[in-house]
Amino acid sequence: MWPLKWKKREQEYRRERADFFQAVGRLDRRSFMKIAGTAGALAAAQSILPPHSFQLVDVVEAQTAEKPLFRFAYISDTHLYERTLNERFVKATLRAVQDINALDPQPDFVLFGGDLAQLGQPAELELGKEILREVKAPIKMMVGEHDWFLDMGERWREHFGQPQYSFDHKGIHFITLMSVNEKDFWTERKMTPMERMLTVAGLDNSLQSRFEVGDEGRAWLRRDLAKVPRTTPVVIFSHSPLYKYYEPWNFWTADADQVQAMLFPFRSVTVIHGHTHQMLTHRIRNIHFHGMLSTAWPWPYAPEGLPKLTVQMDRADPFDEADGTGDGTIDVYRGGYVDKNHNLWSRNPLTVSRAYLESWGRTNVPPAPEFKSY
Amino acid sequence: MINKSYKLVTLAAFALAAFMFSFSDRTGQAISPGAVSAVAQQNQPRHPEAKSDSGNLVVQLCDGKTSMEIDGVREGEVLTPEKAREVAAKMMAAVAAEQSRQTSKWTERDRLTWEREQKRVIEEGDKLFHDWKALGGTIGISCDMCHPNASNTHAETYPKFQTQIKKVVSIREMINWCIENPMEGKPLPLDDPRLIAVEAYMAAQRKGVPLDPGKH
Chain X
382 MWPLKWKKRE QEYRRERADF FQAVGRLDRR SFMKIAGTAG ALAAAQSILP
432 PHSFQLVDVV EAQTAEKPLF RFAYISDTHL YERTLNERFV KATLRAVQDI
482 NALDPQPDFV LFGGDLAQLG QPAELELGKE ILREVKAPIK MMVGEHDWFL
532 DMGERWREHF GQPQYSFDHK GIHFITLMSV NEKDFWTERK MTPMERMLTV
582 AGLDNSLQSR FEVGDEGRAW LRRDLAKVPR TTPVVIFSHS PLYKYYEPWN
632 FWTADADQVQ AMLFPFRSVT VIHGHTHQML THRIRNIHFH GMLSTAWPWP
682 YAPEGLPKLT VQMDRADPFD EADGTGDGTI DVYRGGYVDK NHNLWSRNPL
732 TVSRAYLESW GRTNVPPAPE FKSY
Chain D
5 MINKSYKLVT LAAFALAAFM FSFSDRTGQA ISPGAVSAVA QQNQPRHPEA
55 KSDSGNLVVQ LCDGKTSMEI DGVREGEVLT PEKAREVAAK MMAAVAAEQS
105 RQTSKWTERD RLTWEREQKR VIEEGDKLFH DWKALGGTIG ISCDMCHPNA
155 SNTHAETYPK FQTQIKKVVS IREMINWCIE NPMEGKPLPL DDPRLIAVEA
205 YMAAQRKGVP LDPGKH
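If you're matching them up, the sequences are chains X and D in order. Note that the first sequence ends on residue 755 in the numbering used here; no numbers are left out. Note that the second sequence ends on residue 220 in the numbering used here; no numbers are left out.
Not one of these hints is a red herring.
Computed list of lysine to aspartate or glutamate pairs in EDC-like fashion (alpha-carbon distance at most 20 Å, straight line):
1) K190(D) to E468(X)
2) K171(D) to D698(X)
3) K564(X) to D636(X)
4) K170(D) to E702(X)
5) K55(D) to E79(D)
6) K164(D) to D698(X)
7) K137(D) to D196(D)
8) K625(X) to D596(X)
9) K171(D) to D701(X)
10) K219(D) to D698(X)
11) K219(D) to D695(X)
12) K211(D) to E685(X)
13) K137(D) to E463(X)
14) K753(X) to E160(D)
15) K137(D) to E576(X)
16) K123(D) to D585(X)
17) K219(D) to E751(X)
18) K689(X) to E739(X)
19) K137(D) to D585(X)
20) K164(D) to E751(X)
Just so you know, these hints were derived from the structure itself, not from any lab. Bear in mind the structure is a predicted one, so any value in this text is a computation, not a measurement.
The whole structure should be built from the sequences, with the hints applied where relevant.
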């Protein structure tokens with residue numbers, strides 16, 4: 382068993398909070414006052430002022446209407462260094478594992494959203510694998526560029542298998558894409574594998590190519606989708622956003638348009654992506670996009686290109702190392718669309734509901750942040 | 005004061021040039037382009053030679069910029085003393101007119117120096133911003149990991165009150181806070197060239213954003 386070094390007080394708080402949200406899910410009128418009382422106490426414990434706790438009421442509304450088909454959870458962008466170099470990211474990953482393991486009922490499975498390692502080193506990937514072994518629910522692995530570009534995925538594939546696969550779960554078709562391929566920028570520049578890795582790892586390093594699913598990946602996707610009826614809901618896991626957000630930071634998938642075109646004929650498509658380390662929401666026609674939080678650090682919003690439907694997260698407080706980071710759960714509904722629950726570790730949890738996206742942002746609007754990025 | 009004395013020195017130099025015109029004329033030597041400066045600066049880099057397409061004599065002053073084509077006198081011919089004095093007077097007048105417009109002692113060379121040094125320090129800051137070891141970090145965290153292109157650092161808003169430091173601080177103090185905390189290194193002296201370089205890089209990334217000290 383991995384040693385979990387959490388302060389008892391924090392553990393208690395999280396258990397209390399998990400119980401609370403669980404209770405909210407099966408809420409009736411009579412128990413509302415009791416729950417509301419707990420909510421007030423929790424908010425007070427975090428020294429949060431009243432306006433923040435109003436969102437708890439939104440959660441109630443979103444969840445009383447229809448029960449989800451099932452729930453899965455995610456941990457993403459852990460960016461692990463070797464433990465001897467950096468303990469902070471290890472602790473954050475353990476915290477996410479503890480969060481997920483404390484969920485009751487347990488999620489059907491846990492998506493790991495990519496960037497397990499910081500620099501693709503064998504020891505980093507092994508450390509990550511060892512920690513993720515502690516997750517009780519089954520894990521679905523996705524690869525990120527930080528796992529890949531030291532040895533072009535050799536070690537990652539040894540540990541976790543092929544990076545691109547699909548599976549069916551309770552009537553939903555899931556596809557995990559390998560969307561962080563890059564056209565060769567290293568051979569011509571005679572880069573060593575580590576130089577290539579460091580170039581890709583630098584978000585603002587403009588030497589690298591842009592992400593893509595690539596010709597082979599898209600051919601595989603076409604073959605996979607050919608077997609799926611158009612009425613079957615599709616959920617795609619992709620490390621890069623699968624749309625074009627901000628090119629200079631590679632918040633970008635170069636062949637996103639071609640991939641989207643393959644998905645337009647389906648009745649409902651949801652894309653869950655990593656890489657951007659922030660609350661991110663987008664909709665293109667029938668496709669809903671949700672970004673995952675990182676456990677390691679948050680990224681600021683890009684200076685342009687932010688999708689209009691995105692509910693920004695409040696600016697992270699640099700003096701709180703857990704702020705802007707977290708994990709989350711995803712409730713999948715019968716029609717295929719999902720409610721995305723962002724479990725921000727230093728804030729109240731926040732849900733971006735399917736109703737918000739289905740109404741193009743007209744209803745069920747999540748609370749706005751106090752401070753927008755600029 | 006500085007400008008005034010500078011002008012006096014300049015005028016003295018041109019007076020000397022005018023004298024040398026007449027001197028070389030009296031000895032019967034041809035006044036040829038470059039001759040004036042060549043006497044005094046044999047081992048110095050030479051001004052570009054001023055020549056006329058039409059083959060007329062071109063006379064150039066020792067500033068290397070002011071020159072005059074003499075109509076009716078072919079290159080290699082000797083100017084009469086009267087003509088030489090007239091040419092010198094005209095050219096000195098032109099220089100005086102030019103001088104009356106110049107209020108700065110700064111030259112193109114100064115401008116290039118400023119530009120080059122700024123660029124050098126920004127590039128140094130860029131490197132440090134992306135290199136946790138160079139800034140003394142100990143856990144593999146570099147500035148760019150949270151602040152790609154120095155985003156969310158807001159150089160234009162400093163000095164400002166940082167609630168957590170409980171006072172108004174300069175951006176260097178905030179950089180030091182980051183070095184000490186997320187990067188787990190040791191703070192640098194506030195005049196450390198590395199700190200100045202990082203500040204220069206951050207400011208360069210926000211170039212053009214209006215100065216707004218205190219904004220949060």
